[in-house]
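*Asks:* Listed below, chain by chain, are the residues.
There are 2 protein chains.
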Amino acid sequence: MMTLNTTPHDDGFYMPAEWAPHRQTWMLWPERPDNWRLGAKPAQAAFARVALAIARFEPVSVGVSAAQYANACARLAHPAIRVVELSSDDAWIRDTGPTFVINRRGNVRGVDWTFNAWGGLQGGLYWPWQRDDQLAGKILQLEGCPRYRTGHFVLEGGAIHVDGEGTLLTTEECLLNPNRNPQYNRGQISRQLASQLGVERIIWLPRGLADDETDGHIDNFCCFVRPGEVLLAWTDDPASPNYRRCREALAVLERSRDARNRPLQVHRLPLPVPLLASEDECASIDPVPGSQPRRPGQPLAASYVNFLIVNGGIIAPAFADPADLQAAQILQRCFPGREVVMLPGREILLGGGNIHCITQQQPAGQPG
Amino acid sequence: MMTLNTTPHDDGFYMPAEWAPHRQTWMLWPERPDNWRLGAKPAQAAFARVALAIARFEPVSVGVSAAQYANACARLAHPAIRVVELSSDDAWIRDTGPTFVINRRGNVRGVDWTFNAWGGLQGGLYWPWQRDDQLAGKILQLEGCPRYRTGHFVLEGGAIHVDGEGTLLTTEECLLNPNRNPQYNRGQISRQLASQLGVERIIWLPRGLADDETDGHIDNFCCFVRPGEVLLAWTDDPASPNYRRCREALAVLERSRDARNRPLQVHRLPLPVPLLASEDECASIDPVPGSQPRRPGQPLAASYVNFLIVNGGIIAPAFADPADLQAAQILQRCFPGREVVMLPGREILLGGGNIHCITQQQPAGQPG
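First to last, the sequence lines map onto chains A and B.
Numbering follows numbering that gives the first Met the number 0, in which position 185 of the first sequence is assigned residue number 184; successive positions increment by one, without gaps.
Numbering follows numbering that gives the first Met the number 0, in which position 114 of the second sequence is assigned residue number 113; successive positions increment by one, without gaps.
Hints listed in this document are in silico derivations from the structure and should not be mistaken for laboratory results.
Since we're looking at a predicted model, the values are computed, not measured.
Treat the hints with care, as some may be off.
For chains that are exact copies, the list does not tell them apart, and a pair is met inside one copy or across any two.
[To be verified] Straight line, CA to CA, 25 angstroms or less: simulated SDA-like cross-link-like pairs of lysine to any residue:
1) K40 x G136
2) K40 x R130
3) K40 x P240
4) K40 x S189
5) K40 x P298
6) K40 x A79
7) K40 x L175
8) K40 x A69
9) K40 x F152
10) K40 x N180
11) K40 x P205
The task is simple: from the sequences and hints, build the whole structure.
*Replies:* Now the structure itself:
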């Protein structure tokens, strides 16, 4: 594996927007019975549905443990899906995979952030996490992509969104959380993002959604549609724990300019009605010390913003909620050239995230 | 993964000779402490030396378990070596990996034989072996190469050599052994080889080398140098258990014609003096029921024939034996256009094979 000691910015590399053409999307196969109910079988079915939906638009590589390899191959039988042996500590490749960067000549490299399971021993979701931390390097080596290792800088891919033209969206709640990079202040973190992702302006929303186990990942709350336009999860219910969060974020977005000094047009995407984990859903999850408990009545941070853009499509979660249809319509208006595919998202949500969290796009281009 | 129900022969595919251009060579990282002494550390050093030697000539991919991934990356740090997570039951990828086949248009596919650990429950070397049996499919899926699955036909890659022009060399001792394919007779086995490898003529040597745990693999005894020329391991010591075996083989070779009706020119490659496993070498191997015991005084089937042809080179084992130099000279004469690299082979031999057994070439060309 080629590990570089330079930075993407210095080498002319930057993170492209999610709508830039993909070579493929990466996923992981869910397995751990202390996070996924019923031995992860319902989650595996939901992940397979996502993989098969993406495979209609672009190739998919799915990493799976040796133990689940044969099962995953059988469940993912599709000519555009490649199953690859890869061990991990769970299935959130948005956060554990590499962040791919490109240059103007079409070369592709990857940034391998340090991963600490969303907070390490201060509020992290499980221990140990060393296989997750190895994952990005494994994928880059598999693909032959040179790797930027960020030293001890902790970041999850779900904590950032970019417009591919120099602007990055994130939340203070996550990036300034002392359980990530307590040794760095906001300015130092901004410089890390600038040098690793080739961005020039960072828009800091104060917080993400309430009850999000990630400490407020941006990818469950707000994303770019195209340069100068964002989608923001929204509620008009004053009783919602997100009522103030949405308004705080909107206020920041409305007074922000992007890296090219454009104001931002904000599209509101309704939140579904509050969802809670049921007794039945929690009953079959292995209780294991060191893993995040799953308790009946626990609020689930459901959001339609947690979708993936693929070549020609949008793969978005649905929640059997009256807002599903409205969300689909808004997504279709925002992405008129793409087919919007809504898939059942509850099983993925029960594990702590959604479609964007379980996918990682690899941009088109040649490793180099 | 695309699994085909046709046969390579019917689709215009055939196994190229080892001297045809390679895209890369595959290896596995040795690990099991019940086959390799001292926790496999001396073997790992020897395998790393082989990988680094091959990497001077062509790219190498090395499959390694999750547990040994970081160590393998550190030991194999070279821009032409790619480390890939792949679990296996041991490190003999010649026998467990795919046999790659090509067509005239430069497409590459692979044959995924059934593997039963050199004899299954009738004399096989370990149990279980299901990860070894999965390995060929995993590699083909990784590379995007369509896969031919041979149903229940048991074969190891080390049991065959081809000239790429329709001729295959093998031994009756291995292929007709009732612990491989007892349901098939010689004619049926020949037809399997013809359809899977695109060969037209099979030259059956009666036996391989004595004390070879593989039941007489050809790749430790006799190989093609080019069409119409073979190298045969040889001893003139009437006390050697190989004395008769060499003469039997020579007699067959001298009366054989290849697929193009050429007679065969036979080059003799001396065997090293008989080697035995030492007490010290066996002492630190974990004694595990179900694994091949490693006993002091056990004869080791050392042979210079167990070399690998790479792009521009020959990677051959040496045994700190007076015959090492002579072997190197014969190899250099047989392969005048290639650089002959001799590497210490004893640590690999202690595990039951040598350089050819631990490597698998992937021919140049595009998956398809």
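*Asks:* Run every hint past the structure and note whether it holds.
*Replies:* Status of the hints after comparison with the structure:
| no. | hint | result |
| --- | --- | --- |
| 1 | K40 x G136 | between (28 angstroms within a copy, 24 angstroms between copies) |
| 2 | K40 x R130 | both (22 angstroms within a copy, 22 angstroms between copies) |
| 3 | K40 x P240 | neither (32 angstroms within a copy, 57 angstroms between copies) |
| 4 | K40 x S189 | neither (40 angstroms within a copy, 44 angstroms between copies) |
| 5 | K40 x P298 | within (22 angstroms within a copy, 50 angstroms between copies) |
| 6 | K40 x A79 | within (22 angstroms within a copy, 39 angstroms between copies) |
| 7 | K40 x L175 | neither (36 angstroms within a copy, 44 angstroms between copies) |
| 8 | K40 x A69 | within (14 angstroms within a copy, 31 angstroms between copies) |
| 9 | K40 x F152 | neither (34 angstroms within a copy, 33 angstroms between copies) |
| 10 | K40 x N180 | neither (35 angstroms within a copy, 37 angstroms between copies) |
| 11 | K40 x P205 | neither (37 angstroms within a copy, 52 angstroms between copies) |
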